[in-house]
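Undergrad: Sequence:
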Amino acid sequence: MATTERYQTQQGVRWRARWRTAAGGSRSRSGFKTKGEATRFLASVEVSKAQGGEVDTQAARRPLREYYAGWLAGVRATAAPSTAARYEGLWRSHVAGAWADRQVGSIKVGEIQKWVADLASRRSASTCRQALQVLRGSLDAAEADAAVARNPARGRLRVPAQPDTAAERVFLTGAQARRLIEATRGEGQKALVMTLLGTGLRFGEAAALRPCDRVGPGRWRVARAVTVISGRAAGFGPTKGRSARTIAAPPAVDAAMMAQARRRGLEMDSDDLLWVTPRTGAPLVAPSTREGAHSWLAAAVDRCQEADSTYPRPRVHDLRHTYASLAIAGGASVVTVASQLGHSSPAVTLSVYSHAFSADLDAAAGVVGEALDLTRI
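The sequence shown begins at 1 in the UniProt record's numbering and counts up one residue at a time.
Derived by calculation from the structure, the hints in this document are not laboratory data. For clarity, every value in this text was computed on a predicted model and none was experimentally measured. Beta carbons are placed, not taken as given, at the ideal position from N, Cα and C, and that holds for glycine. Each hint should be verified, as a subset may be incorrect.
Stated by the list, open to error - Using C-beta positions, here's what the derived DEER-type ranges look like:
no.: 1; residue 1: 307; residue 2: 212; range: 33 to 41 Å
no.: 2; residue 1: 20; residue 2: 246; range: 31 to 39 Å
no.: 3; residue 1: 351; residue 2: 244; range: 22 to 30 Å
no.: 4; residue 1: 244; residue 2: 58; range: 24 to 32 Å
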């Protein structure tokens with residue numbers, strides 16, 4: 001309940017306003033010269049509370065870095081360590097210099113827009129958008145603490161367009177995929193390429209597999225992935241979807257995975273990794289396939305291109321895309337592909353691989369056309 005109270009100062013009578021926040025805390029403001037001023041102030045507080053815009057003036061004076069720390073703690077508790085590490089890097093490189101010591105209540109939409117424009121002139125659209133995400137998250141924490149009425153980073157900002165990653169995807173044909181397997185040197189690495197192409201696993205998921213994850217002929221349990229921070233393996237974490245799944249491996253791929261376990265001298269109930277780095281025994285990280293990269297997979301792609309100048313240069317993740325496109329072309333349902341890939345829903349699969357279903361539209365039209373037999377009308 002809001003109240004006003006009178007008190008005496010050396011300058012004369014003053015009025016104090018007291019009220020309770022939406023969260024149940026107690027607040028007060030002093031120095032009003034008349035009861036009417038205090039009452040009108042309380043009325044504005046009630047309106048602000050009703051509109052969800054109540055502000056704690058003390059919290060509004062806190063620097064953004066304090067709210068960033070709280071937001072990052074939440075990220076660490078709910079996201080992969082690599083995600084938290086990426087946000088920390090963005091904060092240090094792009095956000096802290098401009099905003100760390102600013103009182104959150106003083107940050108305005110216009111200032112954020114200028115910062116976004118400056119960052120966009122120096123960095124990629126992806127970096128700009130991710131840095132803004134860190135600022136937004138920090139100010140979300142401030143809004144939750146009633147330090148700001150509305151998160152100014154969620155205003156109408158002009159932000160660089162999201163890069164069209166779909167245009168960068170490479171989908172190998174079946175023949176091209178076989179050529180890549182044949183061009184890969186080393187039986188262990190060849191088995192890994194077969195696994196990526198034949199199961200659609202993310203590289204970190206495949207790198208985390210152990211013989212004990214095989215739960216039946218052609219069936220493997222995927223419950224974790226290698227965590228990579230600053231280009232190095234840093235242990236294991238949950239899969240991207242944060243849920244375990246059982247995937248199917250074609251017989252030849254299943255056999256290659258078991259053969260890899262035998263090469264490593266592992267029993268099928270072993271919890272040691274199927275693939276490790278030869279020198280240190282650490283988990284593998286995804287190799288680069290960029291032209292000029294010194295990796296075993298880049299070398300395999302180079303050999304493919306030496307034999308065929310039209311051969312594309314796929315990234316590691318494109319082997320997953322290749323699995324999906326080949327499965328869809330072979331008649332696999334979107335539900336089946338989504339389950340294998342670990343997508344949160346078939347809608348995600350459709351949005352990523354909609355082009356692969358275009359042939360199904362023609363097939364569906366043909367089936368319906370035959371059923372209706374409209375040519376007789």
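Undergrad: All hints, please: hold or fail.
TA: Hint check:
Range check, residue 307 to residue 212: about 39 Å between beta-carbon atoms, so the 33 to 41 Å window is met. Against the hinted window of 31 to 39 Å, the Cβ-Cβ separation of residue 20 and residue 246 comes to about 53 Å, which falls outside the hint. At roughly 23 Å, the beta carbons of residue 351 and residue 244 sit within the given window of 22 to 30 Å. The hinted window of 24 to 32 Å between residue 244 and residue 58 is violated, with their beta carbons roughly 45 Å apart.
In this structure, the earlier hints numbered 2, 4 are contradicted, and the remaining ones agree with it.
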